[in-house]
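Residue numbers (the numbering used here), protein chains in the order written: chain E, 1 to 343; chain R, 1 to 198; chain U, 1 to 67; chain S, 1 to 980.
Be careful, since some hints might not be right.
As the list claims (entries may be wrong) - Looking from chain U toward chain E, a few residues come up when the C-beta cut is under 8 Å (computed): (1) M1; (2) F4; (3) I6; (4) A7; (5) L8; (6) A11; (7) I14; (8) A18; (9) A19; (10) F33; (11) S41.
Bear in mind the hints are in silico, worked out from the structure with no lab data behind them. We treat Cβ as the ideally placed atom computed from N, Cα and C, and that holds for glycine.
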Amino acid sequence: MRRTLTTFRTLVAATILTAAVGASSTSFAQQTRDGMNPTGQNPTAESVNEEFLFKQDPKITGRISIPDGKAAHLIQPAGRDYRDFRERWLPWLSALAVLGAVALLGLFYYFRGRILMERGPDTGRKILRFNGFERFAHWMTSSCFIILALSGLNYIFGKRLLMPLIGADAFGVVAQYAKFSHIYLAWPFMIGVALMLVLWLKDNIPNKIDIDWIKAFGGFVGDKHPSAGRFNAGQKMVFWMVIGFGSAMSVTGLMMIFPFALTDITGMQLMQVIHALIGIAFIAGILAHIYIGTLGMEGAYDAMGSGKVDLGWAKVHHDLWVEEEQAKTASGPQLGRHQVPAE
Amino acid sequence: MARMKFLCDADRCIECNACVTACKNEHEVPWGINRRRVVTLNDGKPGERSVSMACMHCTDAPCAAVCPVNCFYTTADAVVLHSKDICIGCGYCFYACPFGAPQYPKVGNFGSRGKMDKCTYCAGGPESDFSTIEYEKYGSNRLAEGKLPLCAEMCSTKALLAGDGEMIAQIYKQRVIKRGYGSGAWGWKTAYRETVAI
Amino acid sequence: MKAFIIALVVAVAIGTLAAMLLNQQQRFAYQAFTTSGTRVSDPAGHSNLVGPHWNGVTPDPEKPSKS
Amino acid sequence: MLIKRKTGGPGRTFHPAVAIGDTPRAIDRRAFLRNSGLVAGGLAAAGSIQLGSVRKAQAAGSSAIGPDVTIKKNICTHCSVGCTVTAEVVNGVWVGQEPSFSSPINRGTHCAKGAAIRELVSSDRRLKYPMKMVDGQWTRISWDQAIDEIGDKITGLRDKYGPDSVYWLGSAKFTNEAAYIFRKFGAFWGTNSVDHQARICHSTTVAGVANTWGYGAQTNSYNDIRNAKTMIILGGNPAEAHPVSLQHLLSGKEINRANMIVIDPRFTRTAAHATEYVRIRSGTDIPVVWGILWHIFQNGWEDKEFISQRVYAMDDVRKEVAKWNPEEVERVSGVPGEQLRRVAETFAKEKPATLIWCMGATQHTVGTANVRALCILCLATGNVGKPGTGANIFRGHTNVQGATDMGLDVTSLPLYYGLVEGAWKHWARVWDVEYDWLQSRFDEVPAKAGRKARTRKESMESPGITSTRWFDGVNLPEEQVDQRTGIKAMMVFGHGGNTVTRLPEAVKGLAKLDLLVVADPHPTTFAALDARRDNTYLLPICTSLEMDGSRTASNRSLQWGEQIVKPAFESKNDYEVVYRLAAKLGLADKMFKNIKVVNGVPEAEDILREINRGGWSTGYCGQSPERLKAHMRNQVKFDLVTLRAPKDDPEVGGDYYGLPWPCWGKPELKHPGTHILYNTNLHIKEGGGTFRARFGTERNGVTLLAEDSFAKGSELTDGYPEFTMAVFKKLGWDKDLTADEMASITKIGGANIDAVSWATDLSGGIQRVCLDRGVTPYGNGKARANAWNLPDPVPVHREPIYTPRPDLVAKYPTRPDERQLRMPNIGFSVQKAAVDRGIAKDFPIILTSGRLVEYEGGGEETRSNPWLAELQQDMFVEINTGDAADRGIKDGQFVWVSGPENNAKAKVKALVTDRVGKGVAFMPFHFSGWYQGDDMRKFYPHGTDPVVLGESSNNTTTYGFDPVTGMQETKCTLCQIRAV
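Work out the full structure: start from the sequences and follow the hints.
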């Protein structure tokens, strides 16, 4: 709890910082106009000093003739705060988030075990759950995500974990390629997120059914299955997490890919903080998603693998969707007998 | 053991930019990369002061701390240097640096900005002293020749001081006592968590 | 499986394309920090810290340095 | 070819044993990697401490380059402070610069330009070979062809239009020797139209100061300012123009807690360090100075003893000053009386006080009068001739003082001998040529426009056309130009084309010229204005870093610069080019009769020896090349404040650094030079002196000689005139002369031996005797508060031609139209027209100009240096925040600055700042290459375009010339600024 608070504080501080910059620059401009004629004044006696300037603005900015706006900032002590965040808090936060997620899932697995398929009359019959394009979109996004997550974590943990193992030279090379992959695979990832939004938006609009589903804890607790459409509330949450975090990561990421294009140093620091915090939350969330999609539920992988799920399973987990699909085609997409996955 | 620092006496600095071009001259730094720069505060108004700024070679340097590949190291003279072989050009050091010291050969996108470059306190890099490759990657190594950074040595009004921190603080103190004013050791609080008490 | 393979191939393809585009719009500092009144020579060969060892990659020690 | 610094030996391998064993260092790469591999954070340093302590001890003796590095010393070319440049040269390549700690002038330091000066030599933007414009295209030619064709063309022009049709524009970047042979060449060619940059920087200073107390130069030195308790900097921004001088100023300010008063229309970088800043309206220097003097006289703060002993006619000044009560001063200049009272009291009471000025005072239609007023302020308070006092005039180029001394001036032969017959005869003797032959080289001018005809002798003695008016000499109808024809050819050596006002007129003039020759390291604006199609030549000249020779810094110290590297590309030095031209014209044998020429290149040392043989009038006689070289070798021995070496030093004992002129007598006399002019507290042999008795002994019954004032140890304890044989005979001192000296004097004097003076005695005997008897050879006179030979004997305020205050013109009009220096000066008509047409309403902003620290002069050289160019990439106009807001102008956007003449306009970037007051705009004058909004880059020969181009400030400057020297008005005109 303390950690989240600190994170929050850092964020708030950063926001206030940016706001303060705007505010103080106006007051400074006014002063400029008043102090127009220095006739009769003693320029030596009134020299500016650090303390005075820091009272006006958290960073000291002046005039410089080279056409590089960044260079006009003389001192920005906020770099120290950024460093505090990145070195003191971020490793612990991310370790906690990632390891915590793994631990929680482990516990869940330990207590709940693998959720096995319930055998029923329709077991063995198949229904197409995701068509090829959907699966393509999913896999493109997810494979990129895994690389992005690993290369992203490398920024935090690489020097702590990998570098001592393989040595600086090798690590330098690895990190260089990790950086390249992070920058370049961000693009298919962003496209993937956009594709998923288009493909699955209409099935992910939250509705009343979701409330019941949540009230029933999604059926994870107990053995009663709440009704659900194509996506149950849990999946919707994953969807919206991917969309929300994905776009936040994209926006902040783009700002970082094009440094200083739209913002100054304070903005860049803020982008970094946001990107990192959301990133680790994203990783934790996706870990849960991966767990449910693979280990957590029997035969889960094939849902995205082949796209076809067991009709019986579907009727249990997504009864409303199955009804809808079967209404579309009288026969329904019934295929041969097979092992049945779920997600 | 000397603890090398920079101190810019803003009451002497006249924004002549000698430090900037001396640096270019000594290390053949290309256009667009300014290891040192001069910023004028309160421009055109009474109290105007100019301050020459480069890497301050901080105590517990933030750049070194945030570097994801640990390419920084601190020499026995407390000069903060880095290895361009390991650097991945990520730019985190620029975000952390309170003084805007890190520079990148390419501007535009983060992906391939090249290796970070910054003031070396005229102390070269990790390669062996006076080697061609050291010179080409980091510039010349005056410190190993027993000389101080050229920017400070050539400062037109001797505003920019370089050398052992205690010695230059002493010089500055004496100046302030002599003349009766002084706007302080710019950046020292941020860089060294101390200031020159008069 | 097919969708997966295609996804990987496409991801790599888009990534490569992105790399190419990004690198194309990448500008050297000497181009970026230049205004309309200037014509700057390419610093490679004239300046240090650029040129053959631009990226800091260790050069072939056998290759004689430009003299 | 090695072009950049690289290590001498083969690069070391990265075998760890070698790396650690060979060069111990703070932390070697391997160790560092090991450390960072083991520990995540900051422990790397801890692991290396032991290594580091070893390094310090062992690294001391090592060198970055190796044993084959040679050190060469030359002088920075970018201002007059005279900073020593220490170059590291390997295999003939300039690979590095080191601080010149031993120089007492710069003590290791440099400004941006000096710290970047190495690039000048290896710049890829240099002019690489001679070029000729053929039908609008630049074509490469050989040196032989260039000299041949140019020689033929000027000979043709001379035959057709006379020698005055060719204009010889020299350079303040010449060495003394080059300036001297260039002036000599002009004399041999037969014209007095030989000029250089001093015309547009300190010509009014030279005229004003010389007319006050004798010599037109800085009286003290940069170093001596350390002694001052009060300094007024009026119309100068040394923080940008002479940054290294600020080392001395600020030290003085700190050590003496000196008052540093800056009087300027602009809150400059210098003003930022002032203890008091006085903002004035441009062009009201005289009211301000008189306003200060008003308080001084009112309160009796003047130095009455000094005035009575050493100043002539101060009462005439009192009458004029009485008109400038605080109310009138404030009405005209905008400075409140209370502030001026404070300044006046400080300057008069907290002594020693010095007055520093620069082009803010000189570049006006009243430039000479301004300078005179400033001198009078020094005189009234007794602030001349002592340490910490004086008129410290900061000059602009490396050798602008020397080039002025060497007579690159339309009014004088070398060393201020003037153009009178005696001067010509003196130099004819030094040059060993017939006076009559020299005379035959000059032109006969027919009577025209009501003016009488001029004989050859009269032409010889008539001042030439000033560089500020060369294009008027081309454009004006021939009857208005007081010579046979107008100017037909420009021979431009080391001089930018954009530094003279009224650039649009210059462009017209360029188009009309029959021949244009630009001899310069860079093509310069002259070559790139797109005015010409043919008959244009570019000759690549090396920088003065690539040649030997002496330079005279602003403080009159001569420093010997040695060639650092051989001239780059096909460039040649000035000596060789002048020699080749002379040879082509058949003048070489006569001109270089007594000068050693090695492989077609005259030897600098030998030229200096000839200067020594003739330079008596200014004390350029004692500075032999050997002595100057000894000074460069022994720089470290000279004191920082007194500039003097200890007396017991075998080589330079007792000398002042650089033997600041006057350095009397022959070199063997070992006169130490004169650090502080007119200092009566020292024996003349120790560098003392008196005011020069240059203007006679009495006027209207009032003596012009000093009263009860004389230099220490003088045998004559009162004022005395300058020494001639007549005076010597009267005193009986002629007996002191040796037989050889007498023989020489007799030979010079001929029938009239009495007329031989301290300045024309080639034997040096008169000066030797003077020194022995402790008297100053030039006499002991009074400084003149009233200089009756000048247009305004006592300075009076005159509004600028284009004034923002037309209401003041009736009371303070500019001088009536008159003719000066072969040209009409119609300032009065222009001013009247401007007032009548209400120009000040359409152009409400005062436009002033000045220098940036990164650039120098016309800026071709410095704008071609990427290290400097990066720092100032755009021509800009400083505009006040209020004016910008009124016009909707944002910082950094393009604006049009338009001027009242020629529909002139310039497209520049706005720099919105409070450095300038409301209603004032400032532009730097270093830019060119854009013309009225067009980029002219393509007109430069391929690859020689400077890195940075921009509008020249002189696109919009206007008419206005000082009546004495033809100085242009750059500091006060009017403009309008509009957003693009």
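Status of each hint after checking the structure:
| no. | hint | in the structure |
| --- | --- | --- |
| 1 | M1 | holds, 7 Å |
| 2 | F4 | holds, 5 Å |
| 3 | I6 | holds, 6 Å |
| 4 | A7 | holds, 3 Å |
| 5 | L8 | holds, 6 Å |
| 6 | A11 | holds, 4 Å |
| 7 | I14 | holds, 4 Å |
| 8 | A18 | holds, 4 Å |
| 9 | A19 | holds, 4 Å |
| 10 | F33 | holds, 5 Å |
| 11 | S41 | violated, 17 Å |
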